[in-house]
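Undergrad: Residue-level listing of the chains:
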Amino acid sequence: MTELENYLFSGIPIRTTLDNSTTVQYAGLLCQLTMKARSTVRDIDPQNDLTFLRIRSKKHEIMVAPDKEYLLIVIQNPCE
Amino acid sequence: MQPSSPLPLVFDDEGKDVTPHPLFHSDPDTAVPRQAKLLASSDYSGGVLSSFPMHQTGGDGSFVEPFSRRTCGNSSISKPNASTMEFMLDEIVEPGSQGDTAVSLSDVQVRQEETEEQLTEEDLDRRVDIYLTETETIWMLDMPSVVASVESEDAGRILERNKIYVDICKNRPGNDRFVEKMMQTINGAAKNKEVQCDKIVMEDKGMVVTSWDLYDSFNVSETEPTSKGEATNGKSSTSHMTKKHDQTASVTSARGNITSVTTLESAALARIHEGEKNRLEAILTSENFQQDLFFMERVLMENIFQPKLAAYRQFPVLIDPAVTSDNVSTVVAVKEAKQEEHDKGKKDKEAQKEALIDPSIPSDLNKALEETVPPSLEQLWSYTCDLTKGHNVSSMAWSKVNPDLLAVGYGAFDFKEQKKGLACCWSLKNPMWPERIFQCEHGVTALDFSMASPNLLAVGMYSGTITIYNVRSCTTTAILSSRDSSARHTGPVWQLKWLEQDRDTADDDKRERLISISADGRLTKWLIQKGLDCTDLMKIKRAGSMKKNLPCEKERKSVVLISRQAAGMCFDFHPKDTNFYLAGTEEGLIHKCSCSYDQQFLETYKGHKGPVYKVAWNPFSTDMFLSCSADWTIMLWHQNSQMPILTFSSTTTVVHDIMWSPKSVFIFAAANESRVEIWDLSVSILDPVITRFANPEAKFTSVLFAKNTDCLLVGDSRGEVSVFAPQNLAASSSTKVDALSDVISPALTT
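So the sequences go chain by chain: B and R. Sequential numbering from 1 applies to the first sequence in UniProt numbering. Sequential numbering from 1 applies to the second sequence in UniProt numbering.
The set of hints was computed from the structure by calculation and includes no laboratory data. This one's a predicted model, so the numbers in the text were calculated from it and none came from an experiment. Any given hint could be a false lead.
To be verified - Where chain R lies over chain B, by a calculated footprint (3+ residues, C-beta under 8 Å):
| no. | segment |
| --- | --- |
| 1 | 36-49 |
| 2 | 65-74 |
What the hints assert, rightly or not - Pairwise CB distance ranges, derived in the manner of DEER restraints:
| no. | chain 1 | residue 1 | chain 2 | residue 2 | range |
| --- | --- | --- | --- | --- | --- |
| 3 | B | 49 | R | 439 | 35 to 45 Å |
| 4 | R | 198 | B | 32 | 31 to 41 Å |
| 5 | B | 78 | R | 683 | 13 to 23 Å |
| 6 | R | 596 | B | 49 | 54 to 64 Å |
What the hints assert, rightly or not - Listed below are the simulated SDA-like cross-link pairs for lysine to any residue, each with C-alpha atoms no more than 20 Å apart in a straight line:
| no. | chain 1 | residue 1 | chain 2 | residue 2 |
| --- | --- | --- | --- | --- |
| 7 | B | 68 | R | 306 |
| 8 | B | 58 | R | 306 |
| 9 | B | 59 | R | 302 |
| 10 | B | 59 | R | 306 |
| 11 | R | 663 | R | 698 |
| 12 | B | 58 | R | 305 |
| 13 | B | 68 | R | 619 |
Note that beta-carbon positions come from the ideal geometry of N, C-alpha and C, so glycine has one too.
Excised from the complex, chain B in its bound form (with noise of 0.2 Å):
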């Protein structure tokens, strides 16, 4: 029902649930996003900072918490 992947920002995994690619592809991807957001955050107020990320889709709910040091990506399935 969820994965759990967790990365450095060099975009290697360090530990995860899912098959590879699918991980390094989810890693890239959301490194890119997180900087934007984290961006847009602080450019409105630079004493803030980004603490968490949702995306939801159709099919899944994507968790972002970022840190300096790493990324901590959660893809949650919906349960009925």
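Guided by the hints, dock chain R onto chain B, whose structure is given.
TA: Frame of chain B; chain R shown alone:
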């Protein structure tokens, strides 16, 4: 302002000294001119003037004049200049100067106006005296004319000279005195010189500067300078730790400089063997990571349980539109089926009609069927996890400060089933795993949160020990325990309560005390002063045998008893006056006692035939209280009457727990072994309003109403605490004090 080198003296043909004087003499007294432009232009004019003599022959000096005049437009010498300039103008007008001198004058005048000072309101009203004086004449430009009037004195001489000149010119062609001579200048040989230098490497660097970037640069933290330095180098710095490599990678990638990221990455990859593993481990065990995981878990839980939690809080439940319509219809269909079951017995045509209505409007259905559907308990979720499976829920308590924090004690009631107990703190935000787990040596039989220090949780155990935990810390060690106390209980602690006493006999301040009752017959008050200290409030003496004596016997038989104490099972302090309390015993007696007199009971209520497991004062109608016992009955008492007013017996199983609803004066909940019941005395005093049967393996052992919602928590013997939401319960939320007695009085008369 003055030219640094002294001006060379310049003489013209006639030997006149036409050395141009600098226009501006900087007076040390006067203020420095405010406008730098003026300075610059005056410098320039100084330069122009030095080259002036070369253009002296030209009658057109006006191109210099505008400059020179503008420099005069200085606040210190503004007005007097006007007079001098007018004087000069007069001189120069004769040679037929062009019209732009007038223009230049007006320019100057404009200039003067621009250099006025900032005026204040006061200044406008102030009387200003202006003195006009003539300064000495400053010669700015002296261009002697080259024409003279015919009538002047020199006219003759000039005419003669002109004539001589004309003659010379006439004589020139064939005269010996004038010889044409040609000259050739020597052109030196040209020499080519070439210089070659290293190619100047040009590098383009682009950056998107964001406001946070600027902010970061100014508020430098420890790691910022090193990473910034590396970014500007743009080269892989192998001397740094791989940690910093990644940081620079992040920083540089944010700056859009992709090339350096790849170099750094390759360098980082090359050093994988060295610091990588350590770093990974450091990340995984770091505090930030733990915290992120914690938040993530909470978010996941919220996603999973959102509809249930919304129902708990009595919010309208969001139906996810992304969920396929099949699911929605199945949910609705289930609801419909439930309602149809209820309606089976009824011959209501309306219900039949509405069953055919479009299933996508469940809310309307509910509304229409409200009158006909009996109230029920809908299970929202249950607090359970692997740890708690198999344990019996013995007690539950809400935190006094946070109404979403629940403490649950797990421990068996029977002697035979004893095993290690557990006390867990569950949070509403995570129904799948408790926030705190305290392992206890013996089964937990009672617990309560403190009010004065809301982080303290007192836990009473089967062994008689009372321990106090601090729920703020994650450690599972108790901060205080009565295990080593000499006055500790020798029997299981069946109930615990923190109480704030209005007045204390010994101490003056209003401190919170922990009251406990246990099977050794003592009701003790514990103080926290460097350890648990206790004083007994009451020792429950065993009353004589309750069997009916023959009417002729006046003496009681003296029965030899093993223990003179009767085991206390439960207590409850009066909601209004904390001096009085009720204590229920194993013998089936309920005693009303006072804190100030511990020798005798004020009253004894006899009615139950088995141990009284719980007593509870009605929070609104404070003369009534309820008691439940192992004799399958629940009894409602009035404190003035020795006989119970009402007896509720609806089952043939032990009633473990009862609780009045905090919202309504009529409603209370009871947990029998096989089912949980909600009674509403305004509706019926014979039957419970809602009955919910338990799973066959489980026995309900405790109930707890939620303070902020209508929900009911029920703990069972399998270690599950289920949360139920009453549906369609007629909201009789009357809290009038007399309401209950009004309802009860018809029963009293019978």
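Undergrad: Quick one: which hint numbers does this structure break? Sort them smallest to largest.
TA: 5, 7, 11, 13
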